[in-house]
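4 protein chains.
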Amino acid sequence: MVRVVILGQGYVGSIFALGVERIKTGELGYYGIPLQNELPIKVEDIEIVGSYDVDKNKIGKSLYEVVKNYWDDKIPEALKNIIVRKGIHLRSLRNLPIEAEGLEDEMSLKEAVEKLVEEWKKLDVDVIVNVCTTEAFVPFGNKEELIKAIENDERERLTATQVYAYAAALYAKERGGAAFVNAIPTLIANDPAFVELAKESNLVIFGDDGATGATPLTADILAHLAQRNRYVRDIAQFNIGGNTDFLALTDKERNKSKEFTKSSVVKDLLGYEAPHYIKPTGFLEPLGDKKFIAMHIEYVSFNGAVDELVITGRINDSPALAGLLVDLVRLGKMAVERKEFGTVYEVNAFYMKNPGPREKGNIPRIIAHEKMRMWAGLKPKWL
Amino acid sequence: MVRVVILGQGYVGSIFALGVERIKTGELGYYGIPLQNELPIKVEDIEIVGSYDVDKNKIGKSLYEVVKNYWDDKIPEALKNIIVRKGIHLRSLRNLPIEAEGLEDEMSLKEAVEKLVEEWKKLDVDVIVNVCTTEAFVPFGNKEELIKAIENDERERLTATQVYAYAAALYAKERGGAAFVNAIPTLIANDPAFVELAKESNLVIFGDDGATGATPLTADILAHLAQRNRYVRDIAQFNIGGNTDFLALTDKERNKSKEFTKSSVVKDLLGYEAPHYIKPTGFLEPLGDKKFIAMHIEYVSFNGAVDELVITGRINDSPALAGLLVDLVRLGKMAVERKEFGTVYEVNAFYMKNPGPREKGNIPRIIAHEKMRMWAGLKPKWL
Amino acid sequence: MVRVVILGQGYVGSIFALGVERIKTGELGYYGIPLQNELPIKVEDIEIVGSYDVDKNKIGKSLYEVVKNYWDDKIPEALKNIIVRKGIHLRSLRNLPIEAEGLEDEMSLKEAVEKLVEEWKKLDVDVIVNVCTTEAFVPFGNKEELIKAIENDERERLTATQVYAYAAALYAKERGGAAFVNAIPTLIANDPAFVELAKESNLVIFGDDGATGATPLTADILAHLAQRNRYVRDIAQFNIGGNTDFLALTDKERNKSKEFTKSSVVKDLLGYEAPHYIKPTGFLEPLGDKKFIAMHIEYVSFNGAVDELVITGRINDSPALAGLLVDLVRLGKMAVERKEFGTVYEVNAFYMKNPGPREKGNIPRIIAHEKMRMWAGLKPKWL
Amino acid sequence: MVRVVILGQGYVGSIFALGVERIKTGELGYYGIPLQNELPIKVEDIEIVGSYDVDKNKIGKSLYEVVKNYWDDKIPEALKNIIVRKGIHLRSLRNLPIEAEGLEDEMSLKEAVEKLVEEWKKLDVDVIVNVCTTEAFVPFGNKEELIKAIENDERERLTATQVYAYAAALYAKERGGAAFVNAIPTLIANDPAFVELAKESNLVIFGDDGATGATPLTADILAHLAQRNRYVRDIAQFNIGGNTDFLALTDKERNKSKEFTKSSVVKDLLGYEAPHYIKPTGFLEPLGDKKFIAMHIEYVSFNGAVDELVITGRINDSPALAGLLVDLVRLGKMAVERKEFGTVYEVNAFYMKNPGPREKGNIPRIIAHEKMRMWAGLKPKWL
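Taken in order, these protein sequences are the chains called A, B, C and D.
In terms of this note's numbering, the first sequence is residues 1000 to 1382.
In terms of this note's numbering, the second sequence is residues 1000 to 1382.
In terms of this note's numbering, the third sequence is residues 1000 to 1382.
In terms of this note's numbering, the fourth sequence is residues 1000 to 1382.
Among the hints, erroneous ones may be present.
Since copy identity is lost for identical chains, a pair holds within one copy or between any two.
[Said to hold, decoys possible] Simulated crosslink set (DSS-like; lysine-lysine; CA at most 27 Å straight-line):
| no. | residue 1 | residue 2 |
| --- | --- | --- |
| 1 | K1023 | K1142 |
| 2 | K1380 | K1359 |
| 3 | K1378 | K1266 |
| 4 | K1079 | K1380 |
| 5 | K1370 | K1055 |
| 6 | K1079 | K1147 |
| 7 | K1378 | K1172 |
| 8 | K1114 | K1142 |
| 9 | K1023 | K1121 |
| 10 | K1370 | K1359 |
These are calculated hints, taken from the structure and not from any lab test.
The model shown is predicted, which means the values in this text are computed figures rather than measured ones.
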C-alpha cells in the first residue's frame, strides 16, 4: 500500500487519480506506466488519501466532482470519498482566471505548515505529489535562508511548492520517513537547501519537473546525433497547448522557469552549447490538453553534408505525466523503505526534465531507464 | 595503417574515399564519424588501395575521375592514383540504366574468385568494404551449399556480394586474416553459411546493411516509447530519393530485401509486432542523394490517451553511410588483430540495420553505442 | 425534394446517409458541405430512396444495420426503412476479403441493366450516386463499343461503374431526365462514350473521382506557387490509410487508376510536367478512415534560392467526400431541371479530381469554386 | 526604364539589386518574379539609381561592397556605381547590434526631408522602395497630424518609414508623379493620412508589408477550407529565422506590428475569428535568411469529423520579397503613368500582407492574382 496526497488537483492530478481508480476497477490497463506492474508495490496498491488545491471552485468538493472537469466518461465511485482541502497559493494563480484561496490568507506560513503536517499525520501519508501550477521562483541555495524565510513569513520570497516541500520535511521528520515528488519546474531536488533538509529529515525528494512531452524525446534524439558525431547547428522547439499550464506560461516569469529546465538538455547531451530556441510558445484554447509540438534540428554529417529533421506531434500532456506519477509514488515508498533520504539521481535521471541533485546533468533517457530499473531491483532490458 | 578495398564505386564509396582524403589534407573535420579520432588507428591511417566496379564507364578510370560524378568542388589529387578495376555483377545492375561488365563475362566464377584473391594479395588488403547496389538474393544457410554453388558456377543462385564475401574468406585464409564489411542488405553476417566459413578462414565479417537514414532513428524512438510502456498502434515510414540506390529499389525484388531489414526493428524493440508500413517508397530524381523521409507513429499513453508523432526530414544518404565506414574499416582491422573471426555483434548492433549473427536482434542504438565503445576499448559516455 | 440512390454502401455512402439524416433530426450542422444551405434545394430535401451493394453481408440488411459498421454513436431511425439491394460487382471486390454477390451471377448484364432500370423507375430516382470501390478499367472512347460490350455480355471488358452508368442513361431516357454522380476514378465524365450517350439520353453526369484529400489541396498550393512564378523542382505525395479503399488500392491495377487522376493536376496547374511521385502508398489498418498524408515540394524562388514545403495531416476520408455528395445530388437535380445533359464542367472543376469532359483540365479550386457558385446561381464570394 | 531608389540596404534590398543585375547579365532567369517578363516594362529596364541606409558600416560604401555581406558568389560590376547614402533612422535600429547614423542627427526632420527630395530630384527617381527594418509605430489617421509632427520635429512620434513616405509625397508633388512601395508592416497604404496626402501629391503608394513567407500560403489554405465550409477550430503558426529582421522582431513592440498584419487574414478569409496564434516566434542565428516555419490547423469536416493539417518548411525570406519588388517597381511606374494616385487595391491585394486602403481586407491570393493581372492589362490565367 502507498498512501498518496496530491498537491494541486488540476488536469494531471485528476487524470492520475482517475487512471489509478480505473485500473483498480479493471477497465484500464497499464499503458503509459513505464514500470507497469513489475514493482513489488502494485499499481492497485496506490491509495489516494488526500488532495489539496487553492481554487475556490474546487475546495470542499469531492475528487469525483473535480475530475468531471477533465473527463467526459464514467468516473469510479471511489473518488467520491476524497474531499479537496485548502492548500497554499502564494501568488501561484496570479494572472490566471481563477479565484484563489489559501491557508495563508487566514494564518502565518508557519502555522499553515503546522496545519499541513497535522493533517498529513492523520492521513498517514507515504508520498506527497506536487503537481501545482508552474511558478516563478528563486532557489534558496542554503537551508538556513529557507528556514528564516518561513519563520519571518516572507511571502514574496517563497512559492507554494517551496512551502509544501518544507512542510513535507517537517512531516517526514516527525513520522520517520516520507517522500515528496516534485513534478513541476521549481527547483527542489536541485536546490541544496532542500536536499540537505531532506537528508536530515528522513525525506526522499524526487525532482524536478516531470520528463514528459517534447523534451525527453529531444534528449534521445540529441543523444542519437551525438553518438554519430553529427554536429548540431541549431535546434528550434515550439509547444502550444490549451490547458491551464500553457495559460500560466504566457506569464513571462513562469516561462523562464520552464525554459531553463528544457534547455539544459542540449549541453548535457551534445557536450557543447548548440544554438537553440526551446520554449513553451503559446496558449491556444481549443487545443486543450493535447498540445501541438514542432521541432527543427539541423546538423552536419560526414563530408560536410547538412541534414534536417522536423518533428511534429499532438501529445496529451496530462496523461503522460500522470503515468509517470504511478511509478514515482511507488518508487518513493521504496526509497523511504530503503532509507535513501535526500534525492535519488537514478530515479530522477529518467523521470525528470531537470534531474537533481544540482551537480548531476542529463543523460540519454534510454540509458537512464536501464539504470533506474537496476536501482528498482529489476532486470535491465538491454544492458 | 588500414589498407582498404572498395567494392562498388558508387555514391557511398566515392564520398567515403573523398572524405578520407579531405581529412588527410586537413580541409575536413571528423563530423559524421561516430568514434572520431578516439581509436588507436587514426582516420589518417586509412589507405584506400583498390576499387572495383562493373559500370563500363567507371572501369579503368581513376577514383579522381569517378568522384567527379558526385562532388562539384575540389578533389584531392591522391585519388588519381587508384584505378577502378573490373568486379563481378551477376545481374546486380539489371533494370538500371548502366552498361555492366564483369569478370564473370570472361571466366568462370571460380576463376573470377581466384583472380580477386590474387589481386588482393598483391594489394595486401586489410579490409574489404562492400557498397555495391542493393540485390535480390536468397541466403544460403549452410556452407556446403555455398561452396557447391561457386564450384558449379551457379550464376542464377549467387549475387555479387555473396561471391565477393566468398572470395574474402579465401583471401583471409591465405593471408592469415582480413575483414569484410557488408554495408548492403544481402544477408552475410546473418547467413550462417558465411559466418561459419569466416570463422574457419580467419575472416571478420561486419554486417548487414549500414544503419543510416530513418531506421536507426526509428529504433531509438521506438525504444523511447517502449521504455514508457506506450502502446504503439501503428507506424508508417516513407523514403524517397533520387540516387541510384532508390532507382534500384523500384525493382520489387530488391525492395523486399530492404523492407525486411527495415521492419525487423519493430518487434525487436517493442516486444510485439505493431502494425507497420516501412519501405523505401519511390524514386524522384531531383531529390538526388538527399532523400525525403516521413514517418508517422500513433501510440496509446496513460488513461487511454492517443498521441501522434510525425517525423520528416531531408537526409544525405551517402555521407551518412560513408561516415560509418570510416569507423568500420578501423574496427575491422582491430578485430582481425584480436583474432575475433566470424562476426562481431557488438560492432554490428550499432552500425548495422540488421546486426548479425542471425540469432541476435536489434537493441536501442543508444545502448548499442555504449557497448560498442567498450568493445573498442573506449570509455562509455553515459554508462 | 431530391430522390437519391446510392451505389456501393461502404464508408462514404454510409456517412453520407447518416449525415443527411442527422441534419434532418437537427443534431448536426452544415460543416463540410461547401454550399451549406444556400441552394434552392435544401439539405433537408434530400431523400435517400435506395441503396445497392455486392457484399453478401450487406445485401438485404437495412441501412441502419450497415451504418453501424462505420459509426459508434446514435443512428437515426429513418435509416431502418431502406434495405440494401443486390448490385453488380464484375470483379470489383477481387482481392478484397469480402464475399461478393451480384445480379450478373444470375442473369446476363443486359438483363441486370433492365432490372436496375425497372427498380429505379419504381423508386422514381432523381440522382444516382456511385461510390463503389476503385476499379481497374479501360475507357471506351466511343458509344458503339460500349453498347456492343453490354449486348455481348463482355464481363471482362466492363466494370461495375460502367454498367451502372449505362443503366443510368437508359433510365434517364425512359424517365426524361436523371443525374449520375461518379465519385470514383473510373472515367465516365471523361469518357466520350458516356458523355455522348448521356446527351442523347437526358442524363447529367458529374465526374470523375471526388476531389477530397490531399489532391485538391495540392492543386491550390501548386497554383499558389505558379502565380509567384516559382519553379517546382519536385513533388512527392504519400497517402496511407486503413479503410477498404486503401486495401483495394494495394492492387496494382486499381492503384494506377488513382495515380492517373492524382497526377494530372501537376501539369494542368504549373504548365510544365514537374517531376512528381503522387500515389496512394499503402494500407495500414489501425489508421482506419483517417488517413495520414505527407507531401514534400521543393521549388526555386528569386535569385536561385531553393525553398521547401512539407505538408502532413490526418484527414477523415469518407466524411470529406460525403460532404461533397450533399452538394452534388442537389446540383445534379438542378442540372436536370435546366436540361444541361451530358456533363457540366463548372461543377466538375470544383468537385472532381479529374473534371470531365476529357478536353478540359484542372484549374485552381479556389477559382473553380467561384465559377461553380455562379453556375449554381449564387453570388461569388471574392470575384 | 524605371529609376529606383532603395531605402534600407539590408538583405532584401541587396538581393533585389543583385538579382536584377544578374538578370541583366543573363546569368539568372525570371523565377520568383510573379509577372516574369509579361509587363510592357521589362525586368531589364529596372535601373537602381540610389540607395539609403543608416548603418555606419554601409554608408559611403558601394552596393557591390554591401551585397558581399549577403552573397558568396560573383557580384555584377554594375553595383560598384551606386554608393549608399545616409538615410533616416529614428530609433529604428534600437536594440540591434548596429551603430546607426542618420540625417536627423545633423538637422531637423524637415531639413532632412528637404535634403532627400533634392537628392531624389537629381536622381530623377520613379519609384522609391522601402525595405527598412520593421518598426514599432502608431498610424496617423489624418494628414494634418502628420504634417504637424514633421513641422514640430516630433522624433518620438514618427518612424523612419513615415518620414520617408512624407518625403516621397513632397517629391512626387514637385516632380508631377512618383511611386512609394512600402514592403514593411508600418501602415502607410492603410493610413488615411498618407493615402490622402498621396492623392493630392501625385504619389502612388503600394503597401503594406510584402506578402511573402507563411502568411500568403496560409491565406490560400484558409480559403481552401472556407470554400469547403470546413470549420477551423484553431490555427498555430510559428516562424523562426536568423536574419536581422528576426532579430529586430525579438523586440516586443515591433513584433506586435508584425502580428497585426499576419492575423488579419484569418477573419477576412474565414468570415469568423478562428482562435489563432500567428506570430514571428524567435531568432536563431544559424538559420540565416532561410527561416523555419511550422503551422498547425485543425478543422471540422462533414458529420463532425475532425481533421488536422501540419505545414512546415524552410523558406528563403529575402529572395521571396525581392522577387515581388521586381514586379512592384514596374507596376508602380505603370500606375504613375496612368495617374492612379493614392493607393491601388488591385496591386496590394496580391502583393501585400495587409493590403491598403484600410477599408479593404484580404481575399484569397489566387483570386487576387487574377484581378491584379487584369489591372496590369494582362490576360487572367484561369478566370
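Going down the list of hints, with the structure as the test:
1. Proximity of K1023 to K1142 under the C-alpha cut-off of 27 Å is found in neither arrangement, the shortest distances being 41 Å within a copy and 56 Å between copies.
2. Taking CA atoms no more than 27 Å apart as the test, K1380 paired with K1359 passes in both settings, with 24 Å inside one copy and 14 Å between copies.
3. Taking CA atoms no more than 27 Å apart as the test, K1378 paired with K1266 passes between copies only; the shortest distance there is 20 Å, against 30 Å inside one copy.
4. Neither within a single protomer nor between protomers do K1079 and K1380 lie at most 27 Å apart by alpha-carbon distance, with minima of 39 Å and 50 Å respectively.
5. For a Cα distance limit of 27 Å, the shortest separation of K1370 from K1055 qualifies neither inside one copy, at 43 Å, nor across copies, at 55 Å.
6. For the identical chains of this complex, K1079 and K1147 are neighbours neither inside a copy (39 Å) nor across copies (70 Å), given an alpha-carbon limit of 27 Å.
7. Taking identical chains as interchangeable, the C-alpha atoms of K1378 and K1172 are never at most 27 Å apart, the minima being 33 Å within one chain and 42 Å between chains.
8. Taking the closest pair of Cα atoms, K1114 and K1142 come within 27 Å of each other only inside a single copy of the chain (21 Å); across copies the shortest separation is 67 Å, beyond that limit.
9. Within a single copy, K1023 and K1121 get their C-alpha atoms as close as 24 Å, which meets the 27 Å cut-off; across copies the closest is 59 Å, which misses it.
10. Taking the closest pair of Cα atoms, K1370 and K1359 come within 27 Å of each other both inside a single copy (15 Å) and across two copies (23 Å).
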